[in-house]
Amino acid sequence: MWRAMLTVSALELRTRLRDGTAIVIALVVPVTLATLFGLALGGDDPPLRATVGFVDLDGGEFPASVRREVTAAEELKGSVTLRDLPSGGEARRALDADEIGAAIIFPAGFTRSVGAGEGGDVTVLTSPRSPLAGVVAGAVVDRISAVVDARTLAVRAALLAGVPGERVKELVERNGAAGPALTLTGDPLAGGKVDLAVYYGSGMAALFAFFVVGASFRSLLTERKLGTLDRMRAGPLAAWVPVAGKAVVGFALAMVSVCATWVSGTLIFGSSWGDPLAVLAVLTAHVLAAAAITMLVAARVKTDAQADGVIMVISFVMAFLGGSLVPLHSLPGVLQAVALLTPNGWTATALAELAGSGASVAAVMGPIGVLLAIALGAGGLAVLGLRKGMLL
Amino acid sequence: MTAALSCGGLGKRYGDLVAVHDVGFSIAPGQAYGLLGPNGAGKTTTISMLVGLLRPDTGTVLVGGVDLAREPLRAKSRIGYVPQEIALYPELTGRENLRFFGRLFGLPRRALATRIAEVLDLIGLADRADTKLGTYSGGMKRRINIGAALLHRPEVLILDEPTVGVDPQSRKAILEGLERLVGDGMALLYTSHYMEEVERVCDRVAIIDHGRIVADGTRRELVSLVGGADTVELVLDGDVEAACAKLRAVEGVAEAVRTGAASVRLMADGGRYLLPSLITAVEGHATVTATQVIEPDLEATFLHLTGTTLRD
Ligand SMILES: Nc1ncnc2c1ncn2[C@@H]1O[C@H](COP(=O)(O)OP(=O)(O)OP(=O)(O)O)[C@@H](O)[C@H]1O
Ligand SMILES: [Mg+2]
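Protein chains in written order, with the numbering used here: chain A, 6 to 397; chain B, 515 to 826.
Possibly wrong hints are sitting among the right ones.
Facing chain A, from chain B, some residues (calculated, C-beta under 10 Å) [said to hold, decoys possible]: (1) Tyr-595; (2) Phe-619; (3) Ile-808.
Computed spacing ranges between beta-carbons, pair by pair [what the hints assert, rightly or not]: (4) B/Ala-583 x A/Gly-385: 22 to 30 Å; (5) B/Gly-554 x A/Val-331: 48 to 56 Å; (6) A/Trp-245 x B/Gly-699: 31 to 39 Å; (7) B/Glu-735 x A/Trp-245: 39 to 47 Å; (8) B/Gly-554 x A/Gly-385: 35 to 43 Å; (9) B/Glu-599 x A/Trp-245: 18 to 26 Å; (10) B/Gly-679 x A/Lys-307: 19 to 27 Å.
Please keep in mind that the hints were generated in silico from the structure rather than gathered at the bench.
Here a beta-carbon is modelled for each residue, glycine too, at the ideal position from N, C-alpha and C.
Please construct the entire structure, taking both the sequences and the accompanying hints into account.
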C-alpha cells in the first residue's frame, strides 16, 4: 500500500514541479512579498517604548536596588519607563488595559528570605501585545534570579561552614557574592525588536502555506473530473491512498515554502525569528492546520475551479483577520479577538512571542496545541466530507 | 464452476429517483455479457456498484466468489474497469499512463515493463506509446483506456461504452482485441449503444430500462420473445388489390397491407418457409417479381421491450 501511495505522491510531485506556477506560488511570491514588505516597512520601526509595572510588596533593599539599576541603565533610557503599582491585582488590570506592557512583582518578605539563604520568587506578568516590555521584564528578572541564586548558595555555604547566623550577611557581602546590587549586562532590548520584517515574513509564510497545500487537495478534484480518481478507487488499493499520496506532497511543499520564507527573511534582514526548533514546530502546526482546512474545502465543493476560488477567499480572509497581512497589534481590539478564530492568529502570536523573547518551544505549546486542534477538527470533518463526496 | 462475476438484488436510489432496482446476473469465465439500455437506464450506475465506486443500497456483488463489500481489495484485484469517459493523464505519454496505473495496482517492478509491452501489443499501440496522450486520436485514447484496465490481468473486464467516439478502424481493433481476450477465458461485461457491437461480441444480453432488467438471455432467446412474426415484402405485377386479398387468406399470415402501387407488406410467422405458398396464392391475379423477408432482430426486440430506440 505504501508503494501505491508513493506512486501517487511521485506523480503529484512531478505534476506540481512541471507546472511552473507551483514553484512561483510556493517560493518566488512569498519570498518576494516578504522581502518587499520587510524593506518597505521593516527595520526598527515598532515603537521601542515600554512601560513596565513595578509592584513592591517587599519594601526592602532588593527591589530598591532593582529600581535604581533599571532607571540608571543607559540602554533603557528613553525606552523603558517603570510605573509603581500598589498590588498584583492592579498590575494585572493595567496589563489587560494595555496601560503597561509587563509587570514585575516582588512579594512581601522577599529581601529577608533571600538574605536568609532561602531564595525567593519574583513574579513577571507579560502580554503578547507588548513583546518588548516582556523582554525587558524578563531580562531584569533573569538577573535577579542569578543574584538570588548566588546569594542563596553563598549563605548556605557560610552556614554549613559554621559561621554564626548574624555574621553571615556581612561575610557573604564582603566576599563578593554580589550584594543586592543588580547589574544589567548586555543590551536587554536585543531580543525585543520584533522587526516588522519578521512579522511580514511570517505573515506571508502563513498565507502561502494555504495556497501551496491547498493545491494538492484541489488536484484531487481535478482527478475526479479527469476520471482518474475513479479508476484508482476501482483498483485494488485502499481508499486513503490517493488522498494521502497527495496530502504528503502538499504538506512537504508547504513546509518548503514556509521554511524558504523564514530562511530568506533571516538572511536578508538578519533578524532572527527565534529558537529554530520552536519556529519549526509552530510552522509545522500551521501547515497541518492549513492542510486540514483546505482539505475540508475540497470535500465541500464540486469542482476544482470552485476549490480555487474558495481556497483563495478563505486564505485571504484568514490572513487578514489572523494578522498575516496587517500586524495584530495594529488591529482594533475586536479584531484581535477574532484573530484567535484563525490558525494565522495563533501562528502570528506564537511567532511574535518567539522572535520577541527568544523563548523556547515550551513558551508556545498553547498556540501549537490550538493549531493541532484546528487541524484535527477540520481534518475530521474533511474526511467525513470526502467519504460522502466519493473522493475517499 | 464459480461465476467470474455475479450480482443479485442490486438497488440504488437517488432521492426519489430509482436509478437501479433489483438487478442481478451472473457471468461465467470466458463469457461475454452485454448490458443494453437507453440513456439514463442505469447502466453506469450498475457498473459503478459492480466495481466498488458506489455503495449499493441493496444487493451483493461477488467477484470470483469474493464478496466485494466484505473484501474489497481482493475482489477489486480481479476486476478490470474501463470507465465510460477517458480516465487518463493527458500530459503523460501512453506508456507513462500505463506505468502509473500498473504500479498503483501493485505490479512488481520487474514484471511491469514486460506487461506494459504486452498490453501495448494487444491494443496495437506499441509504436505510439511514447508520445503524449493529449496528442492521441479519440480511438487511440480509448485503446489506452482499455489497456490500463488489463495490466493486472483481471479475470473480469467491465467496459462502460468503450467505443463512443471511435473511428471505424479503432473500433475494429478494439472489438477484435476483446474477442481475443474472451477467447482466452476472460469474462466480459459490455455496455454499448451500438446494437451490432453487442450482437457481435456478447453471447448473452440483458436489456435494462428504468433501472430494471426487462429481459435477459441469448440473442436468439431475446429475439423469440417478440414472437416469431417476420415481415415479408412483396413486389407484384398484375392485380395487386386482388392478390392482397388472396394473401390475407393464407394460413400463417397475420396481416397484409398495400404499401405502394405494386408492393405489399405482410406480417407472417416463419415468413421464409411461407414464401412458396404465398407465390402460389397470388397465381392468376399477379406474379411476384421480388421478395424480401425481414426477421426480427435485437433492435426490434429492444424497441418492443422498451418503447425506445437505442441511440440518442
Ligand atoms: N449522482 C447522481 N445523482 C442523482 N441522480 C443520478 C446520479 N447518477 C445517476 N443518476 C440518475 O440515475 C439514472 C441512471 O443513470 P446512469 O448514468 O446509470 O444511466 P446510463 O444507463 O449509464 O445512461 P447513459 O447511457 O446516458 O450513460 C439517470 O436517471 C441519472 O439521471
Ligand atoms: Mg452511462
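Now for the hints, and whether the structure bears them out:
1. With a least beta-carbon distance of about 4 Å to chain A, the hint placing B/Tyr-595 at the interface is held under the 10 Å criterion.
2. With its C-beta approaching chain A no nearer than about 5 Å, B/Phe-619 sits inside the 10 Å limit, and its interface hint holds.
3. Taking 10 Å as the C-beta contact cut-off toward chain A, the hint placing B/Ile-808 at the interface is violated, the least distance being around 41 Å.
4. The beta-carbon spacing between B/Ala-583 and A/Gly-385, approximately 25 Å, falls within the hinted interval of 22 to 30 Å.
5. For B/Gly-554 paired with A/Val-331, a C-beta distance near 54 Å keeps the hint of 48 to 56 Å intact.
6. Separated by about 34 Å at the C-beta atoms, A/Trp-245 and B/Gly-699 satisfy the suggested range of 31 to 39 Å.
7. At about 45 Å, the beta-carbon gap between B/Glu-735 and A/Trp-245 stays in the expected band of 39 to 47 Å.
8. Checked against the given bound of 35 to 43 Å, the beta carbons of B/Gly-554 and A/Gly-385, roughly 37 Å apart, stay inside it.
9. For B/Glu-599 and A/Trp-245, the Cβ-Cβ distance of about 24 Å falls inside the hinted range of 18 to 26 Å, so the restraint holds.
10. The hinted window of 19 to 27 Å between B/Gly-679 and A/Lys-307 holds, with their beta carbons roughly 25 Å apart.
Hint 3 alone, counting from the list given before, is not met by this structure.
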